[in-house]
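> Please model the complete structure; the sequences and the hints are all you need to start from.
2 protein chains.
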Amino acid sequence: MNIGDIAKATGISAKMIRYYEETGLIRAANRALSGYRVYSDNDLQTLRFVRRARDLGFTVKQIDDLLTLWRDRTRASASVKEIAMGHVAALEKKMQELKDMTDTLLHLASNCHGDDRPDCPILRTLGSADAVAPLPKTRDRRKTRAFDRVR
Amino acid sequence: MNIGDIAKATGISAKMIRYYEETGLIRAANRALSGYRVYSDNDLQTLRFVRRARDLGFTVKQIDDLLTLWRDRTRASASVKEIAMGHVAALEKKMQELKDMTDTLLHLASNCHGDDRPDCPILRTLGSADAVAPLPKTRDRRKTRAFDRVR
DNA sequence: CTTGACCTTCCAACGGTGGGAAGGTGCAGG
DNA sequence: CCTGCACCTTCCCACCGTTGGAAGGTCAAG
Numbered sequence: 269m270n271i272g273d274i275a276k277a278t279g280i281s282a283k284m285i286r287y288y289e290e291t292g293l294i295r296a297a298n299r300a301l302s303g304y305r306v307y308s309d310n311d312l313q314t315l316r317f318v319r320r321a322r323d324l325g326f327t328v329k330q331i332d333d334l335l336t337l338w339r340d341r342t343r344a345s346a347s348v349k350e351i352a353m354g355h356v357a358a359l360e361k362k363m364q365e366l367k368d369m370t371d372t373l374l375h376l377a378s379n380c381h382g383d384d385r386p387d388c389p390i391l392r393t394l395g396s397a398d399a400v401a402p403l404p405k406t407r408d409r410r411k412t413r414a415f416d417r418v419r
Numbered sequence: 269m270n271i272g273d274i275a276k277a278t279g280i281s282a283k284m285i286r287y288y289e290e291t292g293l294i295r296a297a298n299r300a301l302s303g304y305r306v307y308s309d310n311d312l313q314t315l316r317f318v319r320r321a322r323d324l325g326f327t328v329k330q331i332d333d334l335l336t337l338w339r340d341r342t343r344a345s346a347s348v349k350e351i352a353m354g355h356v357a358a359l360e361k362k363m364q365e366l367k368d369m370t371d372t373l374l375h376l377a378s379n380c381h382g383d384d385r386p387d388c389p390i391l392r393t394l395g396s397a398d399a400v401a402p403l404p405k406t407r408d409r410r411k412t413r414a415f416d417r418v419r
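Protein sequence lines correspond, in order, to chains A and B. Each residue of the first sequence is one higher than the one before, starting from 269 at the first, in our numbering. Each residue of the second sequence is one higher than the one before, starting from 269 at the first, in our numbering.
Keep in mind that the hints were calculated from the coordinates and are not lab data. Misleading hints may appear alongside valid ones.
The list makes no distinction among identical chains, and a pair is therefore deemed to hold if it is satisfied within one copy or across any two copies.
To be verified - With a Cα cut of at most 30 Å, we get these calculated DSBU-like pairs of lysine-lysine:
1. K276 with K329
2. K276 with K361
3. K329 with K349
Written out as structure tokens, the structure is:
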């Protein structure tokens, strides 16, 4: 299998497969005489693993750890579960942050006419000297501000 | 006010304030004879606006649009509301994706002993030829795969 | 042999943010 | 006045994960 075949089979772009090799996430593929990378069924399985872990939102570093455990026949299932549950906690924290944002936005938008008049409480509040958060219960929102944006 | 003062007042780092200026999000600050950037109360207000919109998860591009509307005295509140509600929709979509991930992970983890035995359904499933998603209702999960990772 | 689909490596960009080097300024204390 | 320190300036680099493109080599079918 050439890189294009395995890219199709796994859904990972050829670019990314080369990148994963370069950064050491997967081991370097064998080469044909032409210099083309040649992949085995084993490689296919590994890359499928990577793809799925990626779909589940694991970082490349976490996948690296998981792959090590995956390859280790004597691993303890507790180690895997620990990584997975730690990741679940991170996902849930992020969900809460997103929820706080939407709550705030919906609150602001609910007071906005949404017509052709210029007055808009969304802009007014963003520009004012007061804090934005109209939801006093989530007092620690301020600390967790720097994270990924929504595209 | 120098850049450090305004950085403290807004919670945006001096680095980022220079970056926002460089990329055109905010207009270039006036300079003192020394070359130091000097900020007015007006600038403070603008940067506070930026900071809050950022806290609400808007991208820099979206903030650019919002700032334009903010400065336009004749804007229609509908335009602002549209941007805000579009953003809410994006946030909600992302939350759903995160929820699908956690559901899948919790499902996998619930079948994992989590002891010192090596057998672990999390790894087994990730490496298998079958699809990961054990939740047939979210059939379009596959399409929306490439997005930010959770740190 | 030509054509087109594939492969190779290399270099750059994205969005946001942080780090640090090398040098200039402003102000207080001695 | 000199020294020291906190601050400012510009510059370049790194991160993560991914995409794009250029310039060139290879393979298989027509």
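> Now, for every hint given, state plainly whether the structure supports it.
Right, here's what the structure says about each hint:
1. K276 with K329: Only inside one copy: K276 and K329 sit 24 Å apart there, 33 Å across copies, limit 30 Å.
2. K276 with K361: between (34 Å within a copy, 27 Å between copies)
3. K329 with K349: Intra 16 Å, inter 39 Å, cutoff 30 Å: intra-copy only.
Hint violations for this structure: none, all hints satisfied.
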